[in-house]
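Peer 1: The primary structure of each chain is shown beneath.
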Amino acid sequence: GDSVTQMEGPVTLSEEAFLTINCTYTATGYPSLFWYVQYPGEGLQLLLKATKADDKGSNKGFEATYRKETTSFHLEKGSVQVSDSAVYFCALSVDQGGKLIFGQGTELSVKP
Amino acid sequence: GAVVSQHPSWVICKSGTSVKIECRSLDFQATTMFWYRQFPKQSLMLMATSNEGSKATYEQGVEKDKFLINHASLTLSTLTVTSAHPEDSSFYICSARAGLRAFFGQGTRLTVV
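Keeping their order, the protein sequence lines are chains A and B.
All you need for our numbering is the position in the first sequence, starting with 1, plus 13.
All you need for our numbering is the position in the second sequence, starting with 1, plus 33.
Hints are computed from structural coordinates only; laboratory data are not their basis.
Check the hints yourself; a few may be wrong.
Unchecked claim - Stretch by stretch, here's where chain A covers chain B in the computed footprint (C-beta under 8 Å, at least three residues): (1) 71-77; (2) 124-134; (3) 138-144.
Stated by the list, open to error - Straight-line alpha carbon distances no greater than 20 Å define the calculated PhoX-like cross-link-like pairs of lysine-lysine that follow: (4) A/LYS112 <-> B/LYS97; (5) A/LYS65 <-> A/LYS81; (6) A/LYS90 <-> A/LYS112; (7) B/LYS47 <-> B/LYS99; (8) B/LYS53 <-> B/LYS88; (9) B/LYS47 <-> A/LYS112.
As the list claims (entries may be wrong) - Part of the chain B face toward chain A, derived, beta carbon under 8 Å: (10) THR65; (11) PHE67; (12) THR82.
Heads up, the beta-carbon is just placed ideally off N, CA and C, and yes, glycines get one too.
The following block holds chain B by itself, in its conformation from the complex:
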């Protein structure tokens, strides 16, 4: 089946710094990727829809200037958490659409100290 690779799997950063998370579709092209966020013991919440070659579509309440999404190619989307704060600590997970199915990356555990 289709494989989505997300990197890094975990990262610890200092407050005020920026962190980039990569999501790659390894054996298929994905015109659309999705970024989700999951707090402990809670559901995955969609943050934004990333479209290749165009601006991402953000869900209500998600700060687009804080969570920068770039989808420069058909196999790569990146999420950059800018000026990270402890409240940004969470589990971030991407998915890529192939046909009528969504395939998920392994997720990234971000801890901001």
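This is chain A alone, in the form it adopts within the complex:
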């Protein structure tokens, strides 16, 4: 079945460090891919998405490129801030974003 695997956390970085959170997927067909973020005490928010191969989603300095050949959608940010501390979820959808299959989440902690 369809599934998403992302790197385990927690990830602890210093402010201004480079961030990569790996995400790989298995899916039949051509899924859309998403990154969601959950700040402490809040619900999930869409961070970025890509709907087809080679698309790059970007938002708030975060980027991820849909790589069909490696079935990956790694999240990157060049310089993290303390305010980026949150749990990040990679997800896929085969029905345009309604029903989602999530990775296990990666907790990011950024220290000043």
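Use these hints to put chain B onto chain A, whose structure you have.
Peer 2: Frame of chain A, contents of chain B only:
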């Protein structure tokens, strides 16, 4: 953007009692809502798809008689955990579909003692 409100944000209940969780779309109509469950350090797992005016569609392995879903209006879906047991303790989160996007509620932390 669209807002989804979920209530309560946390609840503690005694074993054997039932708990209702509400999910409301505040500024849009949602014909479809989704209920997820998340165990500590694990992924969100889809439990069911809630369709306004019709029966919910449950994922394999989810007991429909235990997790009652009602979607009586375009802005409200409820999940009732019936005869709750400690193993039902979890984080429950709903989402509502608006166009091609899903918007999430804040989640409900259920603890059954």
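Peer 1: If a hint holds in the structure, say so; if it doesn't, say that too.
Peer 2: Hints versus structure:
1. Figure legend: the segment 71-77 of chain B, annotated as covered by chain A; annotation consistent (4 residues with Cβ-Cβ distances under 8 Å, at least 3 required).
2. Coverage of the segment 124-134 of chain B by chain A holds. Counting CB-CB distances below 8 Å, 5 residues qualify, and the rule asks for three or more.
3. Under a criterion of three residues with beta carbons nearer than 8 Å to beta carbons of chain A, the stated coverage of the segment 138-144 of chain B is upheld, 3 such residues being counted.
4. Among the hinted pairs, A/LYS112 with B/LYS97 is consistent with the structure: their alpha-carbon atoms are about 18 Å apart, no more than 20 Å.
5. At most 20 Å may separate the alpha-carbon atoms for a hinted pair to count; A/LYS65 and A/LYS81 meet this at roughly 8 Å.
6. As the CA atoms of A/LYS90 and A/LYS112 are separated by approximately 27 Å, the hinted pair breaks the 20 Å bound.
7. Our distance criterion of 20 Å between C-alpha atoms is met by B/LYS47 and B/LYS99, whose separation comes to about 16 Å.
8. Using a Cα cut-off of 20 Å, the hinted pair B/LYS53 and B/LYS88 holds, with the two alpha carbons roughly 17 Å apart.
9. Restraint check for B/LYS47 and A/LYS112: the C-alpha separation of about 32 Å exceeds 20 Å, so the hint is violated.
10. Below 8 Å, beta-carbon pairs count as interface contacts, and B/THR65 has one with chain A at about 6 Å; its hint therefore holds.
11. Interface hint at B/PHE67: satisfied, since its Cβ lies 6 Å from the closest Cβ of chain A, which is below the 8 Å cut-off.
12. Annotation: interface hint on B/THR82 holds; nearest CB of chain A at approximately 6 Å, less than 8 Å.
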